[in-house]
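Asks: Read off the chains here:
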Amino acid sequence: EVQLVESGGGLVKPGGSLRLSCSASGFTFRNAWMSWVRQAPGRGLEWVGLIRGRADGGTVDYAAPVKGRFIMSRDDSTNTVYLQMNSLKSEDTGVYYCTTNVGEDCTSGTCYIVSSLAFHWGQGALVTVSS
Amino acid sequence: QSVLTQPPSVSAAPGQRVTISCSGSTSNIGKNYISWFRQFPGTAPRLLLFENNKRPSGIPDRFSGSRSNTSATLDITGLQTGDEANYYCGSWDNSLRVVVFGGGTKLTVL
Numbered sequence: 194e195v196q197l198v199e200s201g202g203g204l205v206k207p208g209g210s211l212r213l214s215c216s217a218s219g220f221t222f223r224n225a226w227m228s229w230v231r232q233a234p235g236r237g238l239e240w241v242g243l244i245r246g247r248a249d250g251g252t253v254d255y256a257a258p259v260k261g262r263f264i265m266s267r268d269d270s271t272n273t274v275y276l277q278m279n280s281l282k283s284e285d286t287g288v289y290y291c292t293t294n295v296g297e298d299c300t301s302g303t304c305y306i307v308s309s310l311a312f313h314w315g316q317g318a319l320v321t322v323s324s
Numbered sequence: 045q046s047v048l049t050q051p052p053s054v055s056a057a058p059g060q061r062v063t064i065s066c067s068g069s070t071s072n073i074g075k076n077y078i079s080w081f082r083q084f085p086g087t088a089p090r091l092l093l094f095e096n097n098k099r100p101s102g103i104p105d106r107f108s109g110s111r112s113n114t115s116a117t118l119d120i121t122g123l124q125t126g127d128e129a130n131y132y133c134g135s136w137d138n139s140l141r142v143v144v145f146g147g148g149t150k151l152t153v154l
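Chains as they are written, first to last, in the working numbering: chain E, 194 to 324; chain Y, 45 to 154.
For the record, the hints were derived by calculation from the structure and aren't laboratory data. Even for Gly, the Cβ is constructed at its ideal location relative to N, Cα and C.
Pulled a few chain E residues facing chain Y out of the computed Cβ check, cut under 10 Å:
id	residue
1	228
2	238
3	240
4	243
5	304
Covered stretches of chain Y (chain E as the covering partner; in silico rule of three or more C-beta atoms under 8 Å from a C-beta of chain E):
id	region
6	72 to 81
7	84 to 92
8	97 to 106
9	124 to 137
10	142 to 149
Whenever a hint applies, use it, and build me the whole structure from the sequences.
Replies: Structure (structure tokens):
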């Protein structure tokens, strides 16, 4: 069973920093693409960033609002992905979800591994940026 | 303003069918798979459909999807009160090099 468990959320002052962690289990992590998606209070989903798996070079892409302030990284030895958030602003407040693209396609009757956008989600970590 | 456009809300009676649209462009829906997500209040989103129209294990066949050119639709038949939730579409955008989501559609089962 795939499990994604976020931790590290909390209250931080504007301009401060916070690091979120996402511990993954139940799938082969080293080649998995991992993303962070956030949701401001009462708002929709907003993609934050993506880190590709080892086989795809581990490259990273970020959404424009966080580029230059947030850094995604991964530790394949502990199956953990991180989101280092710097220069935090009030508009960064929200629930941050860890997702993985790794999933199973069983539509043909035989199951096989697939990579598809945000196949599994964690329960989320609340980040509040306020003075 | 979201790159993918969804109606803010839709409603229908129990047992009826509802369609939720998702409009994009040639750089996202036109070239890449669309996924649909469902989110109940206070809980994490969950994948509903992937690769335009495939259901993960556990999702009933009342949920189906299609894609045509730069638009996609999510169809829900045999509506139940338990289907009340927010529904989001998402895709990769080749030009922006980001994942894009729709603004979400609130489904009300009257």
